[in-house]
Every structure is written in structure tokens, then in C-alpha cells.
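Peer 1: Build the full structure now, drawing on both the sequences and the hints.
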Amino acid sequence: MTGFSDSAQAMSLVAFSAVATITLLLCVMTGPDGDDLDEFYTGYSSLSAMRNGLAIAGDYISAATVLGTGGVIALCGYDGVVLALSTALSLMLLMFLLAEPLRNAGRFTMGDALARRMPGRAVRVAACLVTLAALLPLMLVQLAGAGQLLAFILGFSGDSLKTGFIIGLGILMISYAAIGGMKGTALIQILKIVMLLGSGAVVAVLVMNRFDWNPATLFDTAARQSGVGPDFLQSGLEFAGGPYPRVDMITTQLAVVIGGACLPHVTMRMYTASSARQVRRSMSWAVSAVAVFVLIITVVGVGATAMIGRTAIAEADPQGNTAYLLGSRAVFGPDVSTGETFLFTTVTTALFLTLLASVAGMILACANSLAHDVFAARVRSMPPQREILLARVSALAVGLPTIFLATLIQHRSLQPLVILSFCVGASALAPALVYTLFWRHYTRTGLLCTLIGGTLTVLALMPGTNLVSGSPLSAFPEADFNWLPFTTTGLVSIPAGFLFGWLGTVVSGRHKAEEQRKQYEAVEGWILAGAVRRG
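The opening residue of the sequence shown carries number -9 in the numbering used here; numbering runs sequentially from there.
By construction, these hints were calculated from the structure, which means they are not laboratory data. The beta carbon of each residue, even a glycine, is placed where N, CA and C say it ideally should be. Where hints are given, some of them may not hold.
Unchecked claim - Distance ranges between label pairs, derived from CB positions:
hint, residue 1, residue 2, range
1, MET40, GLY217, 40 to 46 Å
2, SER371, TRP473, 49 to 55 Å
3, GLY148, ASP221, 35 to 41 Å
4, GLY499, ALA191, 56 to 62 Å
5, PHE86, LEU446, 27 to 33 Å
6, LEU489, ALA302, 43 to 49 Å
Peer 2: What follows is the structure in C-alpha cells.
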């Protein structure tokens, strides 16, 4: 029982069909029709700073962020708000530390940015493998969650229908990436973020109006309705079951802040900026959009708890993934007018578009890395037309296994996969980017040790966390092989990633380190300031 009326469900189904058709048509109309690599990979960097910024925000705010963060806010109060703020802080970290050097160092992919200092196929292949390791779990979460979410909105309960939704949406997302390229997916991201922020802002205004525009009243009511009293407004509720709740919370925030900024589907948007000035302006727009989103998701999430109670939210979904929808529905009260039904349909359509756009961007990042860093790097001068064809085939090669795996895991807790992606970003990609862009003596061996060592550390530690087994809400509740008393691997894997890079550089020897220093100085002006060195 979802509480959504038949008219809302019918209108949502029509809206979903219309959005799928229109966005696919947009991809066909704006997608590259020639054999120009710049057109496919960056859209000729033709987007304005505002549009590029909105596209970055669209890539950054995934469906897992909307639904998962909204759920944590509704169920855990203060801890959820801190998590939402961490997502904004992560993008600010990217803006101030990495965005401009990344844009200067890279051309199309993460492999380009890393290989500018250390050319070689091994670096590109390692970058591609880590890209897949970071994004595949997030794609699985989005696709598997898409079937559950659509079934929840439309009132279906059969497993076969949920599986059908996953397959249909997966094929649609592959089409976006393969047909639209960077420019096509950017337009979908822009449409998504505008709809998500617009509809969410209206719902947030209605929630605040219901509580007389008094945030204290809203939070106090939510605390009373939460069933845990003042604990709802204090730190520690999300991690209360663990032996070290404060440490667990800090390591989770670190994984989100450091990892989110370095995920390849977000960093690839840096290469679409036409200049260093534009990448700064684009990031300003992106951070502003994400800050507005954090405000909206906080009001709607807390409002959901205040209006319908924490117990009802947990009964609908133990992880709270439906809290954003339930809060949007509850604000209208028992009698819903035609206008309110239309507004709710806009909210559900924005979520549907968020699912489509998020996975399409991730598939595109993986496909671009496979085609450009693995296949094209093997040939001295591959024709552009063939590389674009390879990128489109790679989208299919990445997308089809993802669809298959998503159908297998749809009934499991998906939270470990979200954490896995952020931990790989924080433990492998972040150290590699920081060292590559700023450490003069960093060597190829150090880079490979960072990428491979950081990723393997996360993969080795993750099965031992309490999200995978040992609790009723874990991915395998019937088993208990939980030996790491934390939610994330960050406490160990983030320092390990930096340590592997340092050790690999030390092992390379002083001669190699001195060679790398000279190579870095040759491109330092370009990487840090976009200036071409003379002489």
C-alpha cells in the first residue's frame, strides 16, 4: 500500500513514457554524427558555464544520492543532514583542489589525466580497471533500485515486472550513452537537475508552509514522530549498533567527501570546459545547485518523518529509500487535487529522469575509458571513426552485464555497493590524482601501486564490514562474517592508498624519481595554470 492514487499512478506512467521518448529523441538530435573525437567525448566544449555546471551537478547527484540520503535523513535525522552536507563539501573539494588541474592535464578520460606525466599503456589500463571498479557498483545500485522504485510508484508487486523494468531502463540508458555521447547525456543531465530542483523546491516550500515556516517546529515534530526522541537530533543514531559509532561516522564522511569528488563520471565533465576560467565558473554553478539540493532534501526528509513517522517510512523500505516520495505525497494531505497530483507526478518524473541520467553518465564514462584508454591505446593512430564505434560498442559491453547483475541482486541490500564505489574513489583515485597533479617525484610504479593497491585493499576489506553481513539490514542477513566493525573501509584503505603510492615511488629509486621530477617540471605550468611553457 503506497498511498498513491490511481490517477497519480496513471499520470506517472504517461509522464515516464513521454520523458523516455523525448530524451531519447534529444540524444539522437544532439548526438555526434561525424567522426570527430572531440565532438563525441566533449561535445566540442560548446556548453556555456551555466549549462556545464548544471550537467556536472546532474552527474554528481545520482538517484542513490536522492533516495539514499533522503532515507538516512528521514530515519537518522542529524546523521543524515551531515551526510547531505558532506556531498556538497565533496564537490567544493573538487572545485578548489582538482578541477582546474584536471581540466588542464586531461583530454577525454581519467587515463589521459594520469598519462600526461607518465605515458604508457599500463597506466591507461589500470585507470580503466579502477574506473570500472568505482562505477560498476553504483550502476548496479541505480538499475536494481530503479525496478523497485518504479514498482513502488506504479503499484506493481510482481518480481517479473520489476525485472522487466530493470531490463527496459538498462537498454534505454545504454542507448543514451551510445547515441548521445557527451553532449547528448549533458542535455539529459541539465533537464534532470532542473526538474529535480524545481519540483523539490516546490515540495520543500509546501513542507515549510505546513510547519508555519519555523524550522524549530519542523525538527521538534520530527523528533517526536521518530520514536527515538532527542536522539533524532543528535549525532550517532545511524551508527548506534556499532562498537565505535563516532569513528564510524567520521570514516564514512571521509569516504563520501574524498571519494565523491574523484569518481570518473564526475571528473570527465571537467574536460568539457573550454578554458580554465570556464571550469571555475562551471564548478560555481555546480556547487550552488548541489547546495540547493542539500537544503531541499533536508527539508523533505525531515518533513517526511514529521508528517508520517519514522516507523511508517521504515515499513515501506528498511533503508528509507522511499522517504523522499512519501514525504512529497504526505505534504498534500488525504485529499489531493488535480494540481497536486500533477506536482507529485513531476516529482516522480524527476526521480525517473535522475535514474536514467545517472546510469547513462556512468556507462559513458566506462565506455569512453575502455575505447580510449584500452583499445585505442594499442594502435599508434586509430581512425577517429573506428574509436567512436568502439566507444559505442563498449557502452553495450558495459551495459549488458550490468543489467544482468542488477536483476540478480535486486532483492539484496544495495548500500554496500554505494559505499564500495565511494571507497574506491577515496582510496585509489583520490591519491592517484593528488600525487600525479602535485607531487614532482611521483613515479609510474607509485601510480600503479596507488591504483591497484588502493582498489584491492577496498575489495579485500569490504566483505568484512557490517553492511555485508551480521545484521538484519545487511546484504547477507542470514550470514555473519563481519570482522571489520565499521560501515566503510576508509579508516584503513584511504591511508593505504596514499601509502602504496609513496612506497611505490620510494622503491622506484632516486634516479626514477629525479626523471619524473624533470618530466613534471616540463608540464607543471600547463597542469597547474594552463600555461604553455616556452624554451
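Peer 1: Looking back at the hints listed earlier, which ones does the structure fail to meet?
Peer 2: none
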